[in-house]
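Here is how the chains run, residue by residue.
Number of protein chains: 2
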Amino acid sequence: MLEPLMHRLATQRIVLASGSPRRKLILENIGLKFEVVPSTFEENLRKEDFEFPFDYVKETAKGKALEVAKRLAKDARPPDLIIGSDTVVTMDNKIYEKPVDKEHAFQMISSYMGRSHTVYTGVVMLTPKKGNWDDFNITSFHAGTDVTFAEVDSDTIRKYIDTGEPMDKAGGYGIQAAGGTLISGINGDYFNVMGFPLHLFAKHLVQIYTS
Amino acid sequence: MLEPLMHRLATQRIVLASGSPRRKLILENIGLKFEVVPSTFEENLRKEDFEFPFDYVKETAKGKALEVAKRLAKDARPPDLIIGSDTVVTMDNKIYEKPVDKEHAFQMISSYMGRSHTVYTGVVMLTPKKGNWDDFNITSFHAGTDVTFAEVDSDTIRKYIDTGEPMDKAGGYGIQAAGGTLISGINGDYFNVMGFPLHLFAKHLVQIYTS
Chain C
1 MLEPLMHRLA
11 TQRIVLASGS
21 PRRKLILENI
31 GLKFEVVPST
41 FEENLRKEDF
51 EFPFDYVKET
61 AKGKALEVAK
71 RLAKDARPPD
81 LIIGSDTVVT
91 MDNKIYEKPV
101 DKEHAFQMIS
111 SYMGRSHTVY
121 TGVVMLTPKK
131 GNWDDFNITS
141 FHAGTDVTFA
151 EVDSDTIRKY
161 IDTGEPMDKA
171 GGYGIQAAGG
181 TLISGINGDY
191 FNVMGFPLHL
201 FAKHLVQIYT
211 S
Chain Y
212 MLEPLMHRLA
222 TQRIVLASGS
232 PRRKLILENI
242 GLKFEVVPST
252 FEENLRKEDF
262 EFPFDYVKET
272 AKGKALEVAK
282 RLAKDARPPD
292 LIIGSDTVVT
302 MDNKIYEKPV
312 DKEHAFQMIS
322 SYMGRSHTVY
332 TGVVMLTPKK
342 GNWDDFNITS
352 FHAGTDVTFA
362 EVDSDTIRKY
372 IDTGEPMDKA
382 GGYGIQAAGG
392 TLISGINGDY
402 FNVMGFPLHL
412 FAKHLVQIYT
422 S
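Protein chains in written order, with the working numbering: chain C, 1 to 211; chain Y, 212 to 422.
Be careful, since some hints might not be right.
Restricting the straight-line Cα-Cα distance to at most 30 Å, the calculated cross-link-like pairs of lysine-lysine (DSS-like) are [said to hold, decoys possible]:
1) C:130 x C:47
2) C:98 x C:62
3) C:70 x C:98
4) C:24 x Y:285
5) C:33 x Y:285
6) C:159 x Y:235
7) Y:313 x C:33
8) C:130 x C:62
9) Y:414 x C:98
10) C:159 x Y:414
11) C:47 x C:24
12) Y:313 x C:203
13) Y:235 x Y:285
14) C:102 x Y:244
15) C:74 x C:203
16) C:102 x Y:414
17) Y:235 x C:33
18) Y:309 x C:203
19) Y:309 x Y:235
20) C:203 x Y:370
Not close to chain Y: a few residues of chain C, all C-beta gaps over 10 Å, as computed [claimed, not checked]:
21) 31
22) 46
23) 75
24) 77
25) 134
26) 141
27) 159
28) 175
29) 187
30) 189
31) 203
Treat the hints as calculated values from the structure; they're not laboratory data.
The structure presented is a predicted model; accordingly, all values stated were derived computationally and were not measured.
All residues carry an ideal CB built from backbone N, CA and C; glycine is no exception.
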């Protein structure tokens, strides 16, 4: 849905404030031109301070985007748009981020067997007012996607973890590769499970550039 | 879920009887070793002869797999497994395959606006009995995934079609690239929308190789 905007977007300096190779891939696949500037924002907000997990991911996404904005605001050509994003898995009122080790990944994945959990991604888009980063607009949204796992035995889970795929991913699995075989279905935006809610992002991008 | 089987699968001659680059990508992404032998089966079964679209896709998938089996059965090293697959989009009791031209693609995509349709993929897996293709086992299954489109204007649809993405795809869109921006959500297996129901395939592969 971005095709009518692509000429305009091509003139913009768009910055993805995330080092996630999956977010980069999703945005590349739709033909967007952007640069990647991973945020150094320390992801240590107290989860207990947030009533809902989607508030937590949006606040972390904002922290990431603001840190990059501060760093690039004085560039000779400052950004026109900065995109921050954060993803977690939630189940039984717990928030799962990246596993700390293989055993942690095993606990996470075992808990998904034969049931559903929800993946939340928060996105924050910052745009300078009048081209000046002294003041800027904040667009913030989130998406939740339910993911249903099949049941497999412990040996299969451990051998999946041995592939290394789970370790750098929120919730300890990658839906786009071998982890996808374990998932019987999803309900919501697939790209949100990969780490970026593509449809809502496109929708907000259209709103920003046509208003 | 195939990791415990990967050693065994690596010794097999596995043939994907489909020229779809998306099916190839899905199977490559899970680390499966296989070769691609596109079927020459003419996809001209009479849709009226089938009560349900999922019967139609399974019968077409079988036709594709059988044609390749016939061709490769006398190889010095015949295949151990042949995989056929076919995908259609269904809505209002109509079956949509690949668009014949841009106007056809426009009609298809326009009809999806603001509502859901269902993507069906049928898969047939053939394995020789006692290593001999004079007799073989047939495993057949299908998956349906509901896909919900957002509403966009005609100009946006036409500019999306101008990218060329819709023309070689059942239903006239590609969920994995720019078409993904138009989709607010899905219910079911994502890979099924790309053309191959990954979870059910893995499940049946495990059954075939552990029984």
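Cross-check of the supplied hints:
| no. | hint | result |
| --- | --- | --- |
| 1 | C:130 x C:47 | violated, 35 Å |
| 2 | C:98 x C:62 | holds, 19 Å |
| 3 | C:70 x C:98 | holds, 27 Å |
| 4 | C:24 x Y:285 | violated, 46 Å |
| 5 | C:33 x Y:285 | violated, 50 Å |
| 6 | C:159 x Y:235 | holds, 23 Å |
| 7 | Y:313 x C:33 | holds, 26 Å |
| 8 | C:130 x C:62 | holds, 21 Å |
| 9 | Y:414 x C:98 | holds, 27 Å |
| 10 | C:159 x Y:414 | holds, 16 Å |
| 11 | C:47 x C:24 | holds, 26 Å |
| 12 | Y:313 x C:203 | holds, 24 Å |
| 13 | Y:235 x Y:285 | holds, 24 Å |
| 14 | C:102 x Y:244 | holds, 26 Å |
| 15 | C:74 x C:203 | holds, 29 Å |
| 16 | C:102 x Y:414 | holds, 24 Å |
| 17 | Y:235 x C:33 | holds, 27 Å |
| 18 | Y:309 x C:203 | holds, 27 Å |
| 19 | Y:309 x Y:235 | holds, 18 Å |
| 20 | C:203 x Y:370 | holds, 16 Å |
| 21 | 31 | violated, 6 Å |
| 22 | 46 | holds, 31 Å |
| 23 | 75 | holds, 29 Å |
| 24 | 77 | holds, 27 Å |
| 25 | 134 | holds, 32 Å |
| 26 | 141 | holds, 13 Å |
| 27 | 159 | violated, 4 Å |
| 28 | 175 | violated, 7 Å |
| 29 | 187 | violated, 5 Å |
| 30 | 189 | violated, 6 Å |
| 31 | 203 | violated, 7 Å |
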